[in-house]
Amino acid sequence: MIYHKHDAVIVGAGGAGLMAALYASKEVNVGVISKLYPTRSHTGTAQGGIGAALGNLEEDHWEWHAFDTIKGGDYLVDQDAAEIMCRDAVGIVLELEHMGLPFDRTPDGKISQRPFGGHTNNVTKQPVRRACHAADRTGHMILQTLYQQCIKNNVQFYDEFQFMDLLVNEGRVVGCVAYEIKTGELHVFHAKAVFFATGGWGRLWNVTSNAHSLTGDAPAVMLRKGYPLEDMEFFQFHPTGIYKMGILITEGVRGEGGVLINGLGERFMARYAPTLKDLASRDVISRAIYLEIAAGRGINGQDYVYLDVRPETVNRYFDEDGKKNPDGTPRRITAADIEKKLPDIADFCRTYLGVDPVKQPMPIQPTAHYAMGGIPTDVDGRVIVDVDNSVLPGAYAAGEVACVSVHGANRLGTNSLVDLVVFGKRGGIAMAQYCKQVDYGPLPPNPEAETRRQLDALLSRTSGTSAAAIRRSMQDVMMRNVGVFRTEKLLTEALEKIRDLKHQYQNVYVADKGKRFNTDLLEAWELGCMLDLAEVTALCALNRTESRGGHARDDYPKRDDVNWLKHTMIFKQGDNYRIGYKPVVITKYQPMERVY
Amino acid sequence: MRVTLRIKRFNPEKDEKPWWGEYEVDVEPNDQLLDALHKVKWYQDGTLTLRRSCAHGICGSDAMVVNGRNRLACKVLMKDLGKKVTVEPIRGLPVIKDLVVDMEPFFAKYRAIKPYLINNDPPPEGRERLQSPADRERFDDTTKCILCACCTTSCPSFWANGDYVGPAAIVQAHRFIFDSRDQATAERLDIMNDMMGVWRCRTVFNCVECCPREINITKAIGDVKKAILEGGVR
Amino acid sequence: MALKTRTRSYGSPNRFEVASWYFMRVSGAALLVLAVFHLFYMHVIAGVDAITFEWIVNERWNGPLGMFWRTYDLALLLFALLHGANGARWVIDDYIHGRGANLAVKSALYVLTAILILMGMQVIFTVPLHSQQTALSALVTALGR
Amino acid sequence: MASIVASIWEGITYRGREGHWAWLLHRVSGLGILLFLALHIVDIYLIGVGKEIFEAFLFFYHSAPFKVLVMGLLFGVYYHAFNGVRIILVDFWPERFSNWKTQRLMFRVVIVLTLLAFIPSAIATVAPLFNLHMPWWNH
Ligand SMILES: Cc1cc2nc3c(=O)[nH]c(=O)nc-3n(C[C@H](O)[C@H](O)[C@H](O)COP(=O)(O)OP(=O)(O)OC[C@H]3O[C@@H](n4cnc5c(N)ncnc54)[C@H](O)[C@@H]3O)c2cc1C
Ligand code: HEM
Ligand code: SF4
Ligand code: F3S
Ligand code: FES
Numbered sequence: 001m002i003y004h005k006h007d008a009v010i011v012g013a014g015g016a017g018l019m020a021a022l023y024a025s026k027e028v029n030v031g032v033i034s035k036l037y038p039t040r041s042h043t044g045t046a047q048g049g050i051g052a053a054l055g056n057l058e059e060d061h062w063e064w065h066a067f068d069t070i071k072g073g074d075y076l077v078d079q080d081a082a083e084i085m086c087r088d089a090v091g092i093v094l095e096l097e098h099m100g101l102p103f104d105r106t107p108d109g110k111i112s113q114r115p116f117g118g119h120t121n122n123v124t125k126q127p128v129r130r131a132c133h134a135a136d137r138t139g140h141m142i143l144q145t146l147y148q149q150c151i152k153n154n155v156q157f158y159d160e161f162q163f164m165d166l167l168v169n170e171g172r173v174v175g176c177v178a179y180e181i182k183t184g185e186l187h188v189f190h191a192k193a194v195f196f197a198t199g200g201w202g203r204l205w206n207v208t209s210n211a212h213s214l215t216g217d218a219p220a221v222m223l224r225k226g227y228p229l230e231d232m233e234f235f236q237f238h239p240t241g242i243y244k245m246g247i248l249i250t251e252g253v254r255g256e257g258g259v260l261i262n263g264l265g266e267r268f269m270a271r272y273a274p275t276l277k278d279l280a281s282r283d284v285i286s287r288a289i290y291l292e293i294a295a296g297r298g299i300n301g302q303d304y305v306y307l308d309v310r311p312e313t314v315n316r317y318f319d320e321d322g323k324k325n326p327d328g329t330p331r332r333i334t335a336a337d338i339e340k341k342l343p344d345i346a347d348f349c350r351t352y353l354g355v356d357p358v359k360q361p362m363p364i365q366p367t368a369h370y371a372m373g374g375i376p377t378d379v380d381g382r383v384i385v386d387v388d389n390s391v392l393p394g395a396y397a398a399g400e401v402a403c404v405s406v407h408g409a410n411r412l413g414t415n416s417l418v419d420l421v422v423f424g425k426r427g428g429i430a431m432a433q434y435c436k437q438v439d440y441g442p443l444p445p446n447p448e449a450e451t452r453r454q455l456d457a458l459l460s461r462t463s464g465t466s467a468a469a470i471r472r473s474m475q476d477v478m479m480r481n482v483g484v485f486r487t488e489k490l491l492t493e494a495l496e497k498i499r500d501l502k503h504q505y506q507n508v509y510v511a512d513k514g515k516r517f518n519t520d521l522l523e524a525w526e527l528g529c530m531l532d533l534a535e536v537t538a539l540c541a542l543n544r545t546e547s548r549g550g551h552a553r554d555d556y557p558k559r560d561d562v563n564w565l566k567h568t569m570i571f572k573q574g575d576n577y578r579i580g581y582k583p584v585v586i587t588k589y590q591p592m593e594r595v596y
Numbered sequence: 001m002r003v004t005l006r007i008k009r010f011n012p013e014k015d016e017k018p019w020w021g022e023y024e025v026d027v028e029p030n031d032q033l034l035d036a037l038h039k040v041k042w043y044q045d046g047t048l049t050l051r052r053s054c055a056h057g058i059c060g061s062d063a064m065v066v067n068g069r070n071r072l073a074c075k076v077l078m079k080d081l082g083k084k085v086t087v088e089p090i091r092g093l094p095v096i097k098d099l100v101v102d103m104e105p106f107f108a109k110y111r112a113i114k115p116y117l118i119n120n121d122p123p124p125e126g127r128e129r130l131q132s133p134a135d136r137e138r139f140d141d142t143t144k145c146i147l148c149a150c151c152t153t154s155c156p157s158f159w160a161n162g163d164y165v166g167p168a169a170i171v172q173a174h175r176f177i178f179d180s181r182d183q184a185t186a187e188r189l190d191i192m193n194d195m196m197g198v199w200r201c202r203t204v205f206n207c208v209e210c211c212p213r214e215i216n217i218t219k220a221i222g223d224v225k226k227a228i229l230e231g232g233v234r
Numbered sequence: 001m002a003l004k005t006r007t008r009s010y011g012s013p014n015r016f017e018v019a020s021w022y023f024m025r026v027s028g029a030a031l032l033v034l035a036v037f038h039l040f041y042m043h044v045i046a047g048v049d050a051i052t053f054e055w056i057v058n059e060r061w062n063g064p065l066g067m068f069w070r071t072y073d074l075a076l077l078l079f080a081l082l083h084g085a086n087g088a089r090w091v092i093d094d095y096i097h098g099r100g101a102n103l104a105v106k107s108a109l110y111v112l113t114a115i116l117i118l119m120g121m122q123v124i125f126t127v128p129l130h131s132q133q134t135a136l137s138a139l140v141t142a143l144g145r
Numbered sequence: 001m002a003s004i005v006a007s008i009w010e011g012i013t014y015r016g017r018e019g020h021w022a023w024l025l026h027r028v029s030g031l032g033i034l035l036f037l038a039l040h041i042v043d044i045y046l047i048g049v050g051k052e053i054f055e056a057f058l059f060f061y062h063s064a065p066f067k068v069l070v071m072g073l074l075f076g077v078y079y080h081a082f083n084g085v086r087i088i089l090v091d092f093w094p095e096r097f098s099n100w101k102t103q104r105l106m107f108r109v110v111i112v113l114t115l116l117a118f119i120p121s122a123i124a125t126v127a128p129l130f131n132l133h134m135p136w137w138n139h
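Residue numbers (my numbering), protein chains in the order written: chain A, 1 to 596; chain B, 1 to 234; chain C, 1 to 145; chain D, 1 to 139.
Possibly wrong hints are sitting among the right ones.
Quick list of the computed label-pair ranges, beta carbon to beta carbon [unchecked claim]:
#1 Thr329/A / Lys79/B: 27 to 35 Å
#2 Trp20/B / Ile4/D: 18 to 26 Å
#3 His38/C / Val49/D: 21 to 29 Å
Restricting the straight-line Cα-Cα distance to at most 27 Å, the calculated cross-link-like pairs of lysine-lysine (DSSO-like) are [as the list claims (entries may be wrong)]:
#4 Lys79/B / Lys359/A
#5 Lys182/A / Lys79/B
#6 Lys14/B / Lys182/A
#7 Lys515/A / Lys497/A
#8 Lys79/B / Lys513/A
#9 Lys79/B / Lys515/A
#10 Lys14/B / Lys515/A
#11 Lys39/B / Lys182/A
It is worth saying that the hints were derived from the structure and are not from the lab. Cβ coordinates follow ideal geometry from the N, Cα and C atoms, glycine included.
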């Protein structure tokens, strides 16, 4: 066992973790643990943009952004948090620019912005250009820029260290345990505070835009330690994933004018969202695609539709919709614009589909994308441990792993990047303040014992079921039964199946017994985390008998504000679970029906 | 379709020297090589070790030598590789295990070139620093780099001499040298003007041929060489 | 541990390295004319079998174009050797890393290059005079011719 | 030593494209020419020493095995020269010449030029062995 001491340890080096590290390290001594090299974090894949009401191209206000966020989240959003996020976003995007982030530019040299799903001018109800972008690699640029700044500020990184356990003693966080992948050593980090920024867990599903590394380790550990997870039933399916592979085609494609086309050649979104059409909110579109496919209107009757961004198609619909440039001329797009604004998307299509998006439509299907729920926190990243908003001293979280909740039942495109930087910063600052006020708590005896026990159990078996087989079954059942559409029957079935898989997991077998870079062992350990999250996701989904945002129940198709305008909080108690509820914070915006 | 993967295996914990493992897998033509490697790891030999994460060519984890050439395993499809595929770790960095190499020397070089914007003027209040689209365009290509190390580990100058700062680090330096907002041009050019800096580049183009982000690395290096010769950025 | 590895630091700008890089290109361009024409002339236009002691001494270096050829050969000698030696220095820096070994091999290269230059100049300047004469006096004679 | 062998081995077994082979050949040819040049200086130096010893050397030069080496030299110099021009173009006009498409084309041009210069030279080199003479030779 190797011992380290830092005022604060940040787990995860994506956008949220790096932002927190940057701010916390200005005040206190921090160490950043990440199971991937920081630049490999999934923030780097975010494509379309980061939302902020800069108003560089047309009138915009952060209040409009807040309203869009709340409406997009189907009113399950905590409105105070959303207001903070949308207000702070403006300053933070400028701050990112000052750090060197190479945004695309308007002709007069300002940050360029583009329209994105669900972002509107609240007066005219028309799409507004709010997503600040750097081609279709905004997340890549954010990740790079933040990592660069961390290097400049000499932040201490522990690259390829996997977080395994949180150490809590005398009612507060005293550190954590991590596994050094290269050597197989356990490291105990003695700290006053631990900050979770481990991202999402899309790998629970079969077709996902998420990285292999997104397995929800931190929330699973929190759950096992008896701390709650919030709103786990809300998981976003992004409407446009590459058919079968799940690789994401950004909403930016539709922002540039791309349209969805069914097997009959219809632009079907005109029926489901007459105003915003293809730029309606994600849950609305995913559901529409699913309904089209279910009605046999997929391409050739199969389970996918087309996303069409060919200039002739786009320009035809621009005319049909009467789309205009700011100077009043009709809006137009050319093949060169597509190459220029969406170079990576064009590259994905050519590489993985052999389809040239300028000449052919792209086959797409909804793909598991974003966790709205997660570790509950307040607006300063403090982890909340019960329905009365009590905090666990020294525990912080931000980014996709956290649930503030600014995304409610459905996250608006571009809002995740906003969430990362806004709450990463706020959390980092709050944590530094906390560290300056308290002393180190005593470590518990044998702090690494529990982790060692888990690993030894996995390593000791000489035969058993392979982790891969269990994982595959879990992903299949989650896709089929806990996907875009859910029913009581599907969910109950899923629960049974997952419990059965958890049972099999007791027997999982790890072939690699070595210490050096043992990814076989880590994958098996991660599977344990995923199974726990799969179980609570199905459980919470079964529990919520309404349809709201990303959670669509065929058997309860209506939103039910009377009974369900509240957050789910799920707790593990022994082998059972308890579900509690937390009210939604409402400031100015009363729930209304959502029409796009 | 059935293919044979020949994978160079080496676990210093127990192997004296590297050996070739042969594995037969059934794949779809459109499968990535990464999928095929996963099939081996998940269903045949759990000890096979590699790095990967995003699975679509964006995170830069899985650079390896595929049929003799540097590729990202997730960005090459089986149908383009033939029936017999050889896979080796990238060259010029110490092997930790199988396809995993020690990336630290690579990142150390990245850190050595001061990979961050240096601008000591206070930023303008309440707005961005302005930059014309033309100025932004000058360094666009080099902002795409994902630090996968394909380029550096395909460069004969780097294999020969590990002190060579390498194409990836030069690409990163280029990204700042040609950013109109950066003020440390002279300092950066001094770094690049080192004996183990840009002058070690022999315009081999291996880097360009294998960069998964299709960055024109040799041109970026050429831009930097020229800037040094001309005593600054024009 | 995966903590920061130190690397050689970069940033001692090396004027000599730039100069040598530049020289390789300039001398390369010169050699393109000098060396290629030399080879083509000797092997194709004149034919190697024409090369005899008499031909070199009497026709090439003492014929009507004698001075031209001596200058040409001197330029070729200097450019080719310096270019080649600097190239070899690069190759040595590429492959031989031990400080001692690197220095030893490079020193040997420099000494050899110097000797070869002197030997080459010696002939160009002294022929057809007797070889006992010093290079310096040969130079005087050559220039005075 | 082992590391030298390893990096040379890596240089040869990597399946690079035109640029890689161009570099390898440029390096080998450059070193080869340098070796030949050293030898050549020595033999020319012998002119100053005396006629007999120089001519003894020439005899060696005119032998058949040596002609093979000379052909290598000829090829090497032509290739190195034309490829050197390619490198210079890439270096001084990166915006025009530094991209893989132009680069592949340029390599082909280099090979063509090399062959154009090499073929007559090779013929002239072997001709004397078969007692053939170029029409313009006057000996
Ligand atoms: C394809 C795609 C496109 C997207 N596009 C957009 C967009 O255009 N706009 C937008 O706003 N959002 C977008 N998103 C969503 C957004 O990118 C993510 O929600 C966000 O990047 C998550 O950031 P994060 O910092 O929370 O975590 P991540 O960036 O996922 O980072 C997680 C970090 O945690 C580390 N980690 C995880 N587990 C452990 C462990 N056990 N021990 C140690 N370290 C651990 C990882 O190494 C990593 O460093 C997109 C998402 C995807 C998948
Ligand atoms: C004929 C015209 C010539 C031209 C145009 C030429 C050009 C060049 C150039 C541009 C380089 C630099 C290569 C690089 O940076 O990658 C070079 C390298 C070199 N040249 Fe020449 N050269 C010529 C003749 C010669 C001769 C006559 C010799 C030998 C005496 C020679 C030996 C070398 C060597 C050893 C190198 C180093 C190779 C390496 O680093 O890989 N060259 N040449
Ligand atoms: S330049 Fe290209 S090959 Fe090199 S590290 Fe960056 S992305 Fe990879
Ligand atoms: S392969 Fe190497 S030599 Fe230069 S052009 Fe690329 S860095
Ligand atoms: S797995 Fe991310 S680049 Fe291949």
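Status of the hints after comparison with the structure:
1. In this structure the supplied range 27 to 35 Å is violated for Thr329/A paired with Lys79/B, their Cβ-Cβ distance being about 45 Å.
2. For Trp20/B and Ile4/D, the Cβ-Cβ distance of about 24 Å falls inside the hinted range of 18 to 26 Å, so the restraint holds.
3. Separation of His38/C from Val49/D is about 23 Å and conforms to the stated range, judged on CB atoms against 21 to 29 Å.
4. A C-alpha spacing of about 23 Å is found between Lys79/B and Lys359/A, which places the hinted pair at or below 27 Å, so the restraint holds.
5. Distance check on the hinted pair: Lys182/A and Lys79/B sit about 33 Å apart at the alpha-carbon level, beyond 27 Å; violated.
6. Of the pairs offered as hints, the one joining Lys14/B and Lys182/A holds, with about 15 Å between alpha carbons and a cut-off of 27 Å not exceeded.
7. At most 27 Å may separate the alpha-carbon atoms for a hinted pair to count; Lys515/A and Lys497/A exceed this at roughly 33 Å.
8. At roughly 34 Å between alpha-carbon atoms, Lys79/B and Lys513/A are farther apart than 27 Å, so this suggested pair is violated.
9. Restraint check: the Cα-Cα separation between Lys79/B and Lys515/A comes to about 35 Å, which exceeds 27 Å; the hinted pair is violated.
10. For a cut-off of 27 Å, the pair hint linking Lys14/B to Lys515/A stands: about 11 Å separates their Cα positions.
11. Between Lys39/B and Lys182/A the CA atoms are separated by roughly 23 Å; this keeps the pair inside 27 Å, and the hint holds.
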